[in-house]
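*Asks:* Spelled out, the chains give:
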Amino acid sequence: MQLVCKVSFAGMKHWLAVTLFLLMAAGAQAQSPRRARPAVRSISSEGSIAVNFTAVSAGPPVAAAAAGQATVHAGAVSAAAGSRVPGVNVDRVAETLVVRTRIGVRVQGSAVSTADARLSAFLMRSDRGCRYRIDDQFLSEAPMLIDTRAPLGRVVEHVLEIEIPAWVPEGNLASSIGFIAAPN
Amino acid sequence: MKKSLLVVIAAVLLLSLTAVAQNPSSTGTLKVNAVVDSSIQMTFVTDPNGVTLGGDGTNDAVLNFGNVSAFGSLATNVTRPSVTATDFTVKTNFGVNVVSANSASANYQLLAALPSNISGFSYTVDSTPVTSTLTLMKDNNGYGTTSHSISVKIPRDSATKGAYSDTINFTATAN
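Order-wise, the sequence lines are chains W and H. Each step along the first sequence adds one to the number in numbering that gives the first Met the number 0, with nothing skipped, and position 166 is 165. Each step along the second sequence adds one to the number in numbering that gives the first Met the number 0, with nothing skipped, and position 57 is 56.
Some clues are possibly wrong.
Said to hold, decoys possible - Incomplete in silico selection of chain H near chain W, CB under 8 Å:
#	residue
1	Thr26
2	Val34
3	Asp36
4	Ser102
These are computed hints drawn from the structure, not numbers from a lab. Note that the structure is a prediction, hence the values are computed from the model and not measured. For each residue, glycine too, the CB sits at the ideal point set by N, CA and C.
With the hints as extra help, turn the sequences into a complete structure.
*Replies:* Structure (structure tokens):
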């Protein structure tokens, strides 16, 4: 009887170890989403999805580079003259210049068993104290869900806004926004 | 010890199965480029000691002195600093609001010109006559709202009566 009690205790310790290990592993994945992504991508043998960017009729030119990479050119902007680029609007709100434009994002799926995807965005690189919004949501380094059901294969328009404080000196502005798509 | 090792291996296998079961995801990068230009913006605002401007807060305002005469009553905030044998002068104040953005400039120049003087009256902003040539009215103005005076010298001859309208163009230039 005494022996049975000892075995049971040892078994509980092992299950405790398993639970702790799983919790730690899950915590490590949640702490660094950027580091976790390549691991997830490498196992996508059953299907794949891709994020692409495109210009929309009411937006500025979007120059596509490699797959999933593009550049949107907002052109010259100023508080007094606004913008000369079609599809780029400039408003002065208090001490801030707000540049508003539209971009198209297409999530394409191949051999995936779903019709839509979750689309998140995050700030990879912000330039000189500017703030960025997509569909009224401020971006940060942490991915933020901007579309819970982005239909696969279709271009969805999003409003991109850049807040440029008046104290930012004139010059070139270059920032990067990362997008993550995951099928529902 | 052997049991512990087995447990760890089992946990790793569990994790791997979880990863395989996840859906694929993809990432994209959108670079955003713009060129920020410095600029200043000027608007006219009603001064507490001036007449109410039409188009207050815009860069295309109307300052109406109302009915003026050498001896009669004047509109609120319109004064008559001088009356001579040949002319009289009416005066009021107006505000100029100049703001800068994305600029290192600390102050600006205010210039004015009267491209076509229809009435033939003499205009003075602060203490500087306004002519057909763009002339510096005041230098080193700090950004924000500043108060300025405008005076109009009107002849007292019998031909001068009725409604008159002239346009003064103002220019703000960042220093």
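*Asks:* Would you mind marking each hint as holding or not holding in the structure?
*Replies:* For each hint, the structure was consulted:
Given the 8 Å rule on beta carbons, the hint for Thr26(H) holds: about 5 Å separates it from the nearest Cβ of chain W. The criterion of a C-beta within 8 Å of any C-beta in chain W is met by Val34(H), whose closest approach is roughly 4 Å, and the hint holds. Interface restraint check: Asp36(H) against chain W, minimum CB-CB distance 4 Å, threshold 8 Å, status holds. A distance limit of 8 Å between C-beta atoms decides the matter here; for Ser102(H) the minimum to chain W is near 7 Å, and the interface restraint holds.
Every hint, counting from the list given before, is met by this structure.
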